Each structure stands twice: as structure tokens, then as C-alpha cells.
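Novice: Protein chains in written order, with this note's numbering: chain Y, 131 to 581; chain G, 131 to 581; chain P, 131 to 581.
Calculated from the structure, these hints are not laboratory results.
Heads up, a few of these hints could be off.
Unchecked claim - These stretches of chain G come out as covered by chain P in the derived footprint (C-beta under 8 Å, 3 or more residues):
#, segment
1, 186 to 195
2, 221 to 231
Stated by the list, open to error - Label-pair restraints from in silico Cβ distances:
#, chain 1, residue 1, chain 2, residue 2, range
3, Y, Glu166, G, Arg502, 33 to 39 Å
4, Y, Glu384, G, Glu581, 42 to 48 Å
5, G, Glu581, Y, Thr383, 52 to 58 Å
6, P, Glu323, Y, Thr385, 38 to 44 Å
7, P, Ala531, G, Trp249, 31 to 37 Å
8, P, Asn452, G, Gln265, 56 to 62 Å
9, P, Arg428, Y, Val572, 46 to 52 Å
10, Y, Gly558, P, Asp267, 53 to 59 Å
11, P, Asn452, Y, Asp477, 55 to 61 Å
Note that this is a predicted model, so its numbers are computed, not measured.
Using N, Cα and C, we set each Cβ at its ideal position, and we do this for glycine too.
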Amino acid sequence: MLFLRMTSPLSKKAPQASSAVVEGAEQPSTPFGLMERLFPICRSITGNGVRETLAILREYLPELVIHEVPSGTPALDWTVPAEWNIRDAWVKNEQGERVIDFRQHNLHVLNYSTPVQGWFTRAELEEHLFSLPDQPDLIPYRTSYYQPNWGFCLAHHDRLALPEGRYEVCIDSTLDTAGALTYGELFLLGSSEEEVLISCHCCHPSLANDNLSGMAVATFLARHLAEQPRQYSYRFVFIPGTIGSITWLSRNTETVQHIQHGLVATLLGGPSNFTYKKSRRGAADVDRAVAVVLRDSRLPHEIRPFSPYGYDERQYCSPGFNLPVGCLSRTPFGEFAEYHTSADNLDFVRPEHLSQAIDLFSQVCDVLDTNRRYRNLSPYGEPQLGRRGLYKGVGGGTEGADWQMALLWLLNLSDEEHSLLAIAEQSGLPYALIARAAAALVACDLLARVE
Amino acid sequence: MLFLRMTSPLSKKAPQASSAVVEGAEQPSTPFGLMERLFPICRSITGNGVRETLAILREYLPELVIHEVPSGTPALDWTVPAEWNIRDAWVKNEQGERVIDFRQHNLHVLNYSTPVQGWFTRAELEEHLFSLPDQPDLIPYRTSYYQPNWGFCLAHHDRLALPEGRYEVCIDSTLDTAGALTYGELFLLGSSEEEVLISCHCCHPSLANDNLSGMAVATFLARHLAEQPRQYSYRFVFIPGTIGSITWLSRNTETVQHIQHGLVATLLGGPSNFTYKKSRRGAADVDRAVAVVLRDSRLPHEIRPFSPYGYDERQYCSPGFNLPVGCLSRTPFGEFAEYHTSADNLDFVRPEHLSQAIDLFSQVCDVLDTNRRYRNLSPYGEPQLGRRGLYKGVGGGTEGADWQMALLWLLNLSDEEHSLLAIAEQSGLPYALIARAAAALVACDLLARVE
Amino acid sequence: MLFLRMTSPLSKKAPQASSAVVEGAEQPSTPFGLMERLFPICRSITGNGVRETLAILREYLPELVIHEVPSGTPALDWTVPAEWNIRDAWVKNEQGERVIDFRQHNLHVLNYSTPVQGWFTRAELEEHLFSLPDQPDLIPYRTSYYQPNWGFCLAHHDRLALPEGRYEVCIDSTLDTAGALTYGELFLLGSSEEEVLISCHCCHPSLANDNLSGMAVATFLARHLAEQPRQYSYRFVFIPGTIGSITWLSRNTETVQHIQHGLVATLLGGPSNFTYKKSRRGAADVDRAVAVVLRDSRLPHEIRPFSPYGYDERQYCSPGFNLPVGCLSRTPFGEFAEYHTSADNLDFVRPEHLSQAIDLFSQVCDVLDTNRRYRNLSPYGEPQLGRRGLYKGVGGGTEGADWQMALLWLLNLSDEEHSLLAIAEQSGLPYALIARAAAALVACDLLARVE
């Protein structure tokens, strides 16, 4: 369990944590515990839900920087929207009973709803209701960010049970054009200014797999990396989907040039296998690194080509940026029944799957961080491994154990062109073994690193 | 039914049609009707059969130009052969009864037979007979263009039934070294001088699928294209096989430089699935366009690599020219039992398969004609489609309908390098949808055409 | 049977044969006969066993040059080791009975054992015994070249049957640092100085498939090639494994630059199918030639990618040399039960498999030797084959016989870029047919060789 090794100073409550955090609270020590704290908050693309969320994350990541970008700020082709906040929302019947109640579940309100107050007939109300006829027990998650609208989401059988009559409707929300879009950013400086980007979205209300799991994995991955020696610098962004990455990109055109590799982290806690969607480049180092780590894990998994739909990789991989950013998840959006419904709750998430995901991301970062090219310093014929203590004694058996094969592959392919990753790919041997064998050969002066 | 939409002026009897046409006759309005008119004619690589055929085609295509190339004219490595005509041919038994009779079926004579008149023993006759032991009821189609010979083709059981005795033989043919090779050519000028070539052979006698079907498809395709706005110019050639394309190439070394894409049309009326044989280049635009159109059609089909045997693509794809010309047919030559026999008659052809083929060719031409590269004018992040009316309102469902995917793929891949065809290939979306979506994005100033 | 055609002068006993050969003996005329003579000799990486072996080979290959490289000579990263010779080796029980006896089988001694003489307890002896628990009837073959050690190999049930008690041990071997490493080399000069290398190892004691089969195949292949006109020069090396190729490479850095193609010949007499392991380059001409010859043979076979373990291709394909040398064998080392055991004896080898292997190597050499590029001298359209006597007469059948397809493929692809090998690959036609058709087209002045 990777996260069990993470200790102070990072795991202590940071003194500079936002005042939104309950004073004196110790944050739970597991990714799942973090998710439990974040789950009840009603997030959207702007507003206090995001702020409260980031404040909690800062307890885990004291160096997390929280950015506020004023509504109305131009961001590439877009404009930072008004800040949305909501206090309450309900539909009452003529008896004054709340028949739909935001306080019971924040999915009940169409996310980013305009405010509304008044009486409506059942038929008028109907146009503002959203439900899932095929999943009649679940509340759907629906949004209307860029087309002003109000509405309620509810279980389909509850919708059908609403009798004719008049209903009093209240959505006590505000859309403040003097507000801001909030996002968090953590930078871990490495030996190099070249960066690895990890991005996850923080705009979904009470949904667990999508995408509290991504935030939890990214948070604990950052805590892990903070304690490691790092070649690359690592940049974590916790942003509202789409408008968040667009806003971040618009403010970081300089930073973007340092990004060598990147991953969007999402949908990592559910019960299914890993799926990797390649970057637009298709054969970027990150695509190859994820493929090798998944291969080495021996876990069942799927690798898919890039497509321009999905999460924020859409923005990072837009043709003007064309960053090498893939998306690592379990079953992708829209392909599991609980997606964007009230069934994507904490019960749907498996704590051990979060640990597994953190471990996988950590291994990918390790591959990226250690992937180098070497030159065989004794390239004419094989060097005599035996006198360097790298070869077994009595020969003649059907030897060829992995360690010795790793040595031989490294010597054979270290021609300045093949990276460790390429050698792991070609040999079929685990990357970690290749990397260990490379270190042994460097120690014997048989390999030299190519800068 | 594409061809039903084709009306005047082209579908009216052309006043300049050759005098060989029955005066006042209206040509049948369907490809199959055209085939019915052409079927009885005894064609060869030269002679009046080809002339009569082209005269009929000119009723449908008034701008068809008929070329006469004198026998003896050098044509690349070849020489235009003598003009062959035939009035009658028969074998009579001692009782004077016609036991083989050209008037009953023009396949009975070895095509391009030298003239002969005289008495022969059964044994002498045997050397000049051709039949199919495995298909004993069918008359084979055989030719001897470049090795002077005479002969008769007949059903194998009729051959076996010819008793010993003497036979009077007459082939009333002429081989005129002062004659000509005849071919037809139709040029449809487009916005550009760059051309698409459509080629079919017109040298087979009473055979229907091979290749009246090709002529019928090419004719009605030309009538369709004549009524469309066209980027490319389109050149249709109706030529005798091999020597015809060689002669045409020898006279069009300038024209050839304008050919950007080409297709040989053949064997398009039979009962089977489409088969496409790629050009020698293997990944020419025409190869990719046909593959995408076949994919989009959802019809079962087969795509094969180039091979240097088949129809006139052999000449167009000879290494000196190496034109991007493929061959689009149904089941290829030699792979169906009726091939080059009397069973390749009008009953073997399905009228609706001709319509389907015309439609397919038309779609390929449409792809070639509209396939362009675009530049995303808002390439940094996704442009906001919603405010341009290109995005749905309430989000959060498992959207991703084809139209929106087409927009996103276009924006993502319009980097000046990917053509619409490449985007249709990579996205898996229908080309027609991609093209419509491109037009919508151009209208919103999000894409600009790359010249 | 290829080898049956091999006659004098080479098959006669060479007068300059080494004096180690029994005077007046005629060498057997078959590869298997050669193996029978070589089998009893106790070879190692150095010593008289190799010398005796090469002396016998020189009876078959009078021009074989035998090289002696002094022990202690630097060889790339290695040093030529001491010369090992052995007279006798045994373990006696307290009754003086030989319970393990080198004279019964030379595999009984750990190859390259240091000398030893003395009394040992059963427990002390145990550490110097090698056996195969899973194959308890077989004596394993084990070596200890680079780590001084002594030991005995024996059947596992014999090992278990050795009672407690004291044993007298004698290994009457010598390790002479003033000795030499011996290898043989045969050079067949061709029209060109460019070379094909055939390499096999000669260091195994009484093992048949590994690798007397390789020596027998190489010897009879050399005899065959010596009688053929040759474009390339051919170099055969008979060397101890690993240290032999390293020594040879260290002494031939100039020669190496002439090597255009190469094959390691090994494991060619067993009962199984051919396996080809590609060179490090992966698509070198030799890799493609072997693939085409195996394809054309219609024998079941397997083609594998390069890996840096195996036989001396490891050295030839080390990154500093990166020679295009593959390894052609039957079932590879370690993948058959008899490998490196006393069961790899003459009974395991099938004489007809040796002939088949010689024939296969011969065909590969033929492909390499004749593989050229041509230019079609009549590249515009197809040339008229008929008037050159290259085309059948009566057309119209479903012709396309291989010969005519070979002509057409050659004409189509002879654009100076495609070699005969490439044309054989692309057409799917046998290389031999392609080569014959090329000669016919050259004779007609339709193709010209590209230098």
C-alpha cells in the first residue's frame, strides 16, 4: 500500500490551510478517507464548492497554490463564466412539502442553474425535469453551464409520481459576474525545469468515481513524489473540467513549453480494469511508458487510441498545443451504468483500487523520470560479464534468466538510440528490471549515460 | 436510384448522334436498358462493333468524342493492329447444315479470327475448336489478337457430338491494315485542370458483366457528374482492352500529367460483392477514398493489393506512368463460373447492382472532389462551440453523437496535414458527415481551407 | 540429395590434410558420415579436440586454414584462455571401481575442469556433481570456462546410487597458459570482395545436433559453393563458441567491413522444423532471403525476432559491429529435451535433415548471390510480350500462370528500387521463378541490370 508509507511533514495538517477547514481536524490518512470528506460538497465549475474542496486538499498538500481568475477574463476562445453559488433548491407541492430537495442530494439541482422562485403547473415544471427512464431509481447528473437554464434532476419513478397540480419552485442560486473561477496548482521542483503534468477535474458535485477518485489519486501521488528524488519537475492541476484547463492553458503558455509528459487522472476508484487513452501524438513517451507499466503490472487492461472527446486531454491535445498528455482511468466515461448518476457514490469506489491506481501512476512517473539512453562502452562483441561478477558460473544449462537477459539486451541496444523504455518494450522484460540492470552496468563502466 | 434523377439535356437523344443509330429512337433510360441495346453487337479490339457501340453511347453522352487511330500507328511498345470486321462464320457438315453458326452467337467465332474458307476433316477442324470440358453447356470466349489464327468456340458437348467426316468452314472476316482502332473519350471540364480518369473496355462481344456493365456504369456516372459542380475535370475513356489503353496513353502523355486519380470500371453488374484492387502506389488518395466509401456503405466488400494482371490498370500503373489508378469491380475476372462464357449474359446482371455501382462510383468521385485540408483557426484548446450554436444545451449525459464527434475530430486534426479523408479514416465517421461538419465549421470561421 | 553431386577434387582426401588423419583413410561421402567421425572427439573451447576436429574437416576442405591464437592474447574485452587438454578422468569408490568414467562418455567431466587428484567424502564430492533430476537417465553437458572448477556430470539415478563413503577422484587435465585457441577458416573468393559469412561452433564434445550438425552442414555447403560460380566471396569460420567469434572478430576488423550477409549454422540435424532468428537489423537482406527461401520451401517453419542470447550471432550483432548475421537452425537451444544432454547423440540426428539443411543454406546463398535490381527498359505500358515469344497464344481463359505473372511483376516493379527479392516478396512467387523470368527479360532487352 503505497500511501501507507506517506508520513509527515506532508501528512500533517498544514498550518497555512484555508480557514474553511475545521480547526484542529487531522485529515484522514487514506485516499478513500479524503474522498469521504469531499463527497458531500456541491461543486460546480466555479464557486465555493471548488474553494472548499481545494482548501481540504491543501491540508494534504500544503504547497498547493489556489488561483482565483475573475469572471469575464478572456481564456483562449472562451470567457471565464460567472461564479455560481447555491444555498438551497426545492420543489414543493401545494401542501408545502418538499417533493424535490437539494438538501437531500445535491444532484437534484441542474448544476449551474439560474435562480428561480415561483409557482408552476406540473406541465410547466415538466420541461425542467431530468430523469433516466432506463435507470428509474437513480438521480442523473446534469449541467447547463453555457446556456442559461434551471432545472431539477430526479429518479424517474419519482418524476412519474408527481401528480398534476401546482408546484412552488425555488432555486436559491447566484451567478456573480464579479466572481471568479478557482483552481489549485502544485509544483514540485525537480532537477530539471522540464515538467510532467498531472491534471484532474474538481467540478463535479457528489460523485465519487467521477472524479473524487482522480483528486484523491493525484493528491496522494503528489505526496509520494514530494518525498522522492525527482529528475523532472511535477505540476499537479486541480481544475474545473474544460473551462478550467482552458483557463489554465491561457495563463500558462510559457509553462506549457516545459511539459514533456502528462496524464489526466480520472475514474480511478471503480471496480473495473485500467484503460489508457493515448495522447494525440499516439507514440509519445508517456503513451509508451503507460503501456509498459500496464504490461509489467500483469493486470488486465485496455489501451485505446486518442479521440477528441473525454476529459481535459481534449484541451491539452488541441492541435495548437498538441501536448503529450494521455488519460489514465478505469472504465471510461459513459461505459459503466453508474456514470453521472447518484449511483456513482462512495459505495461504488474500492479503496484498494485507489491504492493500485496511485501505485500505477507512481510507476509511470518512475519510468518517465528514469528513462534514459545509454552508450555501451564495450560495443564490439559482448563484454566479459563473468570477470565483472555479472554472470553465473557453471554454463551449459538452459540459462537465460531475466536478469542476464536484461544485461544482454541493454548491452546490445545501448547504441545511444534506444532508451530504457525502448529496451523494455523490445525485450519484453519489466522496465524495473531493465533499469536495475542498467545501473549495474553503469557501475561496471560498461554503460555510460547519454545526455 | 441515382440514375432516375438524370434528365435532359443529356438524357435526350443527342442530335449529333452517329447515323448508325436508328432514327428517332429514344435511348432506354436505365443502365440495364443500355446494356440490352449493346449486348447483341460483335465487338473486338478494332472494327465496326466498337464504332456501333460508341455511337450508341454518344446518344447518352453527346459530347463523347470518337477517335480513330490508323492501323500501323506506333503506340508505345506496340503497333495499332489491323481493323477486324466479320460478316459471317460457320461450319457446315457434309449435308450443308450449319453445325456452328456465328449468327446464333457471336462467341462462336474465335475473336479476331483470320478469314478462312474450305473443307477440313474432323481432325483438322479439331485443332481450331475451343470448348470447356468442365462447363460443357457453355460457349467459351476466346481471342487471338496477336497470333494469326482462326477458330470456333462451342459448347463441349456439341464439340463431342461432331462426327467424323468433312466440314466446310467459312469465316468471312477481314483484317484491314488500312483500318483503324476506335475509342471514345468524354471530357467534363471542372474548376481545375487536374483530372480524374474513369476507364472501361469496350472490346468484348456479347458478354454482359464483362464489360457492358462497366460501360453502362461509366456512361450513367458521366451523365450524373455532368450535372454536378465539379472541382476536378473528369475524363472517361471507352477503349479496347490493353491495346486501347496503350494507344490512348501513347497519344496523351501530356494529359497523363494531369491525372490525379483514376478508376477502371469493370464487372459491376454481377450478383456478388464489390472488390477493389488498389493502385500500384497502394495508398493513393483514390485507394483511400474507395476504402472509406466502401466502409461507409456497410456493404460487404474486399480490398486487395495491386497486382500487375487484370484490366487496363496494368497499363496505367506500368512503372513509367505509375498513375494512381485502381480497379473497382465486383467479383474479379476468373473468379466466377460465368466469366468469359456464354453464361455471362444479360440474365447474369442485376439492374439494381448497376445502380448501386453508379452510386458507389459517384460517392468516390464526391470524396475525391471535396477532399481538402483545413486549418483550425482556433487551435489552442477547443473553441466554444456552444456560443456558435454547434453544441447541445444540457450536458452531463453520455453524449458524443456523431455530429459532435465530427466537429471535434475536425477541430483536432485540422492542422493542415490531415485531409477530410484522413479525418474520416482516423475517426471512423462517415466521410459525408465529416464533410458536412467541415462546412459548418467553415461557416463559423473556425476552419479555413488550405490551398 | 545435394551432397551426392559433390565429387572430386574436393571430395578426395586432400594430400595436405593434417597428420592427425589416419593415413590412407577416405573420408565418408556424407554429412552424417562426417558427424560419425567427429562424434567421439572430446572438444572444448581450446585444445587438441578442436585441432583434431579441424584436421578432419580439412580432409573435406583442403583449403581450410587453421589458426592458432596464443593463450593470453587480448581479444576485444576478453583474453584468449589457457589451452585445456584432458587425458582421463574418473571417480573410484573405495573398492577402486570407476563409478564415473570419462572414458565411457566424455560428457562425464565438467568441460574445462581444472586438474584434481585425491580422496573426497561423498558429501565433498556432492558439490562437484551435476545431474538432471527431471531427466534422470541422461548425462548433462556442463562447462566452467571462466570460473576455475572441477566436476563430474552423470545420470541423476547414478548420482543417487552413490553410497556414502570415500571416493578417489582424478581429473588428468592440463590448463596451459602457453597454449592456443584454434579455429578454422575457409575463404572462397568470388567475383566481388564483398562477403557472406557462415559461422558454426566447434567446441562441443560428444554432442551431435549441437553442433556437429552445424559443422557438417557448413562443410558440405562450402564444398557445394566451391563448385559454383559466385558473385560474393564466402567465408566459413569454424570456431569455439563466444570466445572463438570474439577472437575472430578481434583479428578481422578489416574483413568485417566486407561482410554483407551472414548466417550462424547450428542445430540442423534434429527431427524438427526450421527456425530462423533474424539479425539485429531485423530486415536485412539475409533476413528477407531466409524468409523467402523458407516460404518457397513450403516447409513448416518459424521466424523469430533477434534477441541477444543464443549462438555467435550475439557477437556479430553486438552494437559495435551490428553485422547482418542471423541464425538458421531447427528447434532452438533449450527448447528440445535432448539439448545439452547425452541424448543429443547420433541417433537424434536424421541424415536426410542434414541434406535438407544444406539445400536450404544453398538456396539462401543463391538468393543472396543473384539478388539484383533491374530497370524496365520499356516502362511505359506493358511491352508486347507476344512478339518476343514470352506470351501464350489464344487469350481469354483464366490464364495468369506463374511464369507469366513473374514476367509481369518483374516488368511492373523493375523501377531500380525493387530487388528480385523484393519482387519475390511482393508477388508471392518463388524466388527461383522470379530469377529465371528476369533472365528471360534481360535476354529480350526488356530489363537491364542496375549496378
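Novice: Against this structure, judge whether each hint is valid.
Specialist: Hint by hint, here is what the structure shows:
1. 186 to 195: violated (count 0)
2. 221 to 231: Result for this restraint: violated, n = 0.
3. Glu166/Y to Arg502/G: 33 to 39 Å: violated (54 Å)
4. Glu384/Y to Glu581/G: 42 to 48 Å: violated (33 Å)
5. Glu581/G to Thr383/Y: 52 to 58 Å: Since Glu581/G and Thr383/Y have Cβ atoms about 29 Å apart, the given range 52 to 58 Å is violated.
6. Glu323/P to Thr385/Y: 38 to 44 Å: Distance hint for Glu323/P, Thr385/Y is violated at roughly 59 Å.
7. Ala531/P to Trp249/G: 31 to 37 Å: holds (36 Å)
8. Asn452/P to Gln265/G: 56 to 62 Å: Distance hint for Asn452/P, Gln265/G holds at roughly 58 Å.
9. Arg428/P to Val572/Y: 46 to 52 Å: The hinted range 46 to 52 Å holds for Arg428/P and Val572/Y, with Cβ atoms some 49 Å apart.
10. Gly558/Y to Asp267/P: 53 to 59 Å: violated (34 Å)
11. Asn452/P to Asp477/Y: 55 to 61 Å: Cβ of Asn452/P to Cβ of Asp477/Y: about 58 Å, so the range 55 to 61 Å holds.
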